[in-house]
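Peer 1: Spelled out, the chains give:
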Amino acid sequence: MSPELAVETRGLTKQYRTKTALLDCTISVPTGRISALVGANGAGKSTLLQILTGLRSASRGEAFVLGRGPEQNAAFLADVGFLAQEIAMYKRFSAEDHIGIGSHLNPRWDSEATRTRLQALDIPLDQAVGTLSGGQRAQVALALALAKRPRLLLLDEPVAALDPLARRQFLASLAEAVADGGLTVLLSSHLVTDLERVCDHVVLLASAQPQLCGDIDDILSEHRILTGPYRDTTALERDHVVVENKSTDRQTTLVVRIRGPLVDPSWDAHTIGLEDLILAYMGNTSNLSERGLHAIGAKQCPG
Amino acid sequence: MIQLRLDTKSGVPPYLQLVQQVTHALRMGILEIGDQLPTVKEVAAALAVNPNTVLKAYRELEYTGFVEGRPGVGTFVTRLPPGPPPNAHLTLARSLSRWLDKARSVGLDDQAIEALVRSALQAHGGLGEGAA
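If you're matching them up, the sequences are chains A and B in order.
According to my numbering, the first sequence is numbered sequentially starting from 1.
According to my numbering, the second sequence is numbered sequentially starting from 1001.
Heads up, a few of these hints could be off.
Below 20 Å or equal to it, Euclidean Cα-Cα: the simulated EDC-like pairs (lysine to aspartate or glutamate) are [to be verified]:
hint: 1; chain 1: B; residue 1: 1009; chain 2: A; residue 2: 112
hint: 2; chain 1: B; residue 1: 1056; chain 2: A; residue 2: 276
hint: 3; chain 1: B; residue 1: 1056; chain 2: A; residue 2: 215
hint: 4; chain 1: B; residue 1: 1009; chain 2: A; residue 2: 275
hint: 5; chain 1: B; residue 1: 1009; chain 2: A; residue 2: 180
hint: 6; chain 1: A; residue 1: 148; chain 2: A; residue 2: 112
hint: 7; chain 1: B; residue 1: 1041; chain 2: A; residue 2: 276
hint: 8; chain 1: B; residue 1: 1056; chain 2: A; residue 2: 218
hint: 9; chain 1: B; residue 1: 1041; chain 2: A; residue 2: 264
hint: 10; chain 1: B; residue 1: 1056; chain 2: B; residue 2: 1114
hint: 11; chain 1: B; residue 1: 1056; chain 2: A; residue 2: 180
hint: 12; chain 1: B; residue 1: 1009; chain 2: A; residue 2: 194
hint: 13; chain 1: B; residue 1: 1102; chain 2: B; residue 2: 1114
hint: 14; chain 1: A; residue 1: 246; chain 2: A; residue 2: 218
Short, incomplete list of chain A residues facing chain B, as computed with Cβ under 8 Å [what the hints assert, rightly or not]:
hint: 15; residue: 34
hint: 16; residue: 163
hint: 17; residue: 166
hint: 18; residue: 168
hint: 19; residue: 175
hint: 20; residue: 178
hint: 21; residue: 191
hint: 22; residue: 193
hint: 23; residue: 197
hint: 24; residue: 198
hint: 25; residue: 218
hint: 26; residue: 222
hint: 27; residue: 237
hint: 28; residue: 239
hint: 29; residue: 261
hint: 30; residue: 273
Derived by calculation from the structure, the hints in this document are not laboratory data.
Just so it is clear, the structure is predicted and the values come from calculations on it, not from any experiment.
We treat Cβ as the ideally placed atom computed from N, Cα and C, and that holds for glycine.
Kindly produce the complete structure, drawing on both the sequences and the hints.
Peer 2: Okay, structure coming up:
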C-alpha cells in the first residue's frame, strides 16, 4: 500500500458460478500515469475495473485504490471517477443540467472548469445530451467525470464506439486533464495504436491473469523479435523467455523477453512495437498462463 | 511556436520523436535562443500524447543543454546544437536538390539513390553501426 501507487491488487480472484474472471491478479499502477488495460474479450478487464470501483467484490485477494479498499461510499467516490461502456447520462437533460445535478451531489465539484472545457470543444451546454453526437456525449461524460476532480479515473472502453476524430479528441482531453497533475487514469481498450500515444503504462490480462504490468518504454526495451534459420530454442530459453514462437521448417521467428545479454550472435534481433508485443502475449496464453506474471515479470509489477 | 507531431508507425519512441523535432527545428533556425517551447499541457492536448512523454522529451533536451525549464513559466531555448549555422543547411539542401534532379534524370530511383548516399557516407568513414 504505497502512496506512489494509485492502484494495487494482490492475488485478486473473482469466481463467478461457472467462470473464473480473474485469477491471482497482482498488479500496480503508479500515480500520475495513464495506464492501458488490455486483453481479449472476456480476459477480465471489466471485472477488474468493477472491483476497483467497488461495484463488485472479489472472491479472494486484496485491492487498494488510492491506498484504501474500494467502497461505494461518499469519501471513496469523491476520489474515483468511473465511465462504464454504457455511458450513464440522462438523455433528455442538457450538459448544464448534469453540471447542476453534479454540483449538488459532489463536495469538490468544479462547474466553471467543466463549462470552460465543453465550450472549448464547441459542445452546446443547453442541448439535451441525447441529441448530441456520440463523440460529444463521450466528451460531456468525461468532463462530468473530471468535474468532481477525482484522483483516479477508471474508463471501460471509453472510445470503442467513437469515430477516429472523436477518439483522438477524447484522448486529447484526457491527456490535457492528466497534464494538470494529480490524476491517474486506467483505461481499457482494444485500440492499441491510440494507446501507444496516450498511455505510458500497460496492464495486459490474458485468461484472467496479468501477463504484463509496467512502464511501456521499459517493457518494450526488454523484448526483442529474433529471427534466424530454423533451430531449437532450448538453449535460448535457459536465459530468456520465449513469448511467441512462429517457426517454419526453414526459419524461426521469436518474440523474446530478454533477461540478460544475448550471447548468440546468429540471431537477428529487432526491437518490437507495443501492438505486436500485445498480440504476441494475447496469442500465446496457453504457454504462459501457468507461469503467469510471477515467472515473467514479477519484478515489474509490485515495485 | 513550433508544431510538433507524432508518427506512431515509425517505430521511434514518441518521446524521441519530440526530441528529434525540436533539435531539428533548432538546427534549421525555426527555433532561436529565447524562444519558448509549447507547454507540456499544450503538446499533450494537441497530439493526444501522454504528458509524461512530453516531460521526458523536455528533460532530455534540458540535459543536452538546448533548453531550460523555468518553473511556473515554461521551457525556453538556451543554446543551439553544435554544427553549421542554419544558412549552411539551406545552401546544402538546395545543391542536394539539384543533385537529386540530376540523379533522377539519369534514371536512378529512390533505392538506388539511397544506396549511393550510403556508400558515399561509408567511404567518408561515416554511418557507423546503429546509424541506419
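Peer 1: Confirm or reject each hint.
Peer 2: Hint-by-hint comparison with the structure:
A distance of roughly 38 Å separates the Cα atoms of residue 1009/B and residue 112/A; the hinted pair therefore is violated under the 20 Å criterion. Our distance criterion of 20 Å between C-alpha atoms is broken by residue 1056/B and residue 276/A, whose separation comes to about 24 Å. About 13 Å separates the Cα atoms of residue 1056/B and residue 215/A, which keeps this hinted pair within 20 Å; it holds. Straight-line distance between C-alpha atoms of residue 1009/B and residue 275/A comes to about 10 Å, which keeps the hinted pair within the 20 Å bound.
A hinted pair counts as satisfied when its Cα atoms are at most 20 Å apart, and residue 1009/B with residue 180/A does not qualify at roughly 28 Å. With a CA separation close to 11 Å, the supplied pair residue 148/A and residue 112/A stays within the 20 Å bound. The straight-line distance between the Cα atoms of residue 1041/B and residue 276/A is roughly 29 Å, outside the 20 Å bound, and the hint therefore fails. A C-alpha spacing of about 13 Å is found between residue 1056/B and residue 218/A, which places the hinted pair at or below 20 Å, so the restraint holds.
Under the criterion of a C-alpha separation no larger than 20 Å, the hint pairing residue 1041/B with residue 264/A is inconsistent with the structure, at around 45 Å. Only pairs whose Cα atoms come within 20 Å are accepted, and residue 1056/B paired with residue 1114/B is rejected, the gap being roughly 32 Å. Restraint check for residue 1056/B and residue 180/A: satisfied, since their Cα atoms lie roughly 16 Å apart, inside the 20 Å limit. In summary, the hint linking residue 1009/B to residue 194/A is supported, as the alpha carbons are separated by about 11 Å, within the 20 Å threshold.
Between residue 1102/B and residue 1114/B the alpha-carbon distance is near 14 Å, which keeps this suggested pair within the 20 Å criterion. Proposed proximity of residue 246/A and residue 218/A is contradicted: the alpha carbons are some 24 Å apart, above 20 Å. Nearest Cβ of chain B to the Cβ of residue 34/A: about 5 Å, under the 8 Å cut. The hint holds. At a threshold of 8 Å, the smallest CB-CB gap from residue 163/A to chain B is about 14 Å, leaving the interface hint violated.
Against a cut-off of 8 Å between C-beta atoms, the interface hint on residue 166/A is violated, since the closest Cβ of chain B lies about 11 Å away. Evaluation of the residue 168/A hint against chain B yields a held restraint, the C-beta minimum of about 5 Å falling below 8 Å. The interface hint given for residue 175/A holds, since its Cβ lies 4 Å from the closest Cβ of chain B, which is under the 8 Å cut-off. Among the interface hints, the one on residue 178/A holds; its C-beta lies about 5 Å from the nearest C-beta in chain B, closer than the 8 Å criterion.
Proximity of residue 191/A to chain B is violated relative to the hint, the smallest CB-CB distance being about 11 Å (cut-off 8 Å). Here the hint on residue 193/A is kept, as its CB sits about 6 Å from the closest CB of chain B, short of 8 Å. Evaluation of the residue 197/A hint against chain B yields a held restraint, the C-beta minimum of about 5 Å falling below 8 Å. Because the smallest distance between the Cβ of residue 198/A and any Cβ of chain B comes to about 5 Å, under 8 Å, the interface hint for this residue holds.
For residue 218/A, the interface hint is violated, the least distance from its beta-carbon to any beta-carbon of chain B being 11 Å, above 8 Å. At its closest, the beta carbon of residue 222/A sits 14 Å from a beta carbon of chain B; the interface hint therefore is violated under the 8 Å criterion. Interface restraint check: residue 237/A against chain B, minimum CB-CB distance 27 Å, threshold 8 Å, status violated. At about 23 Å, the closest approach between the beta carbon of residue 239/A and any beta carbon in chain B exceeds 8 Å, and the interface hint on this residue is violated.
Checking residue 261/A against chain B: minimum C-beta separation of about 16 Å lies over 8 Å; hint violated. The restraint placing residue 273/A at the interface with chain B holds, with a minimum CB-CB distance near 6 Å, inside the 8 Å limit.
When held up to the earlier numbered hints, the structure conflicts with 1, 2, 5, 7, 9, 10, 14, 16, 17, 21, 25, 26, 27, 28, 29 and fits the remainder.
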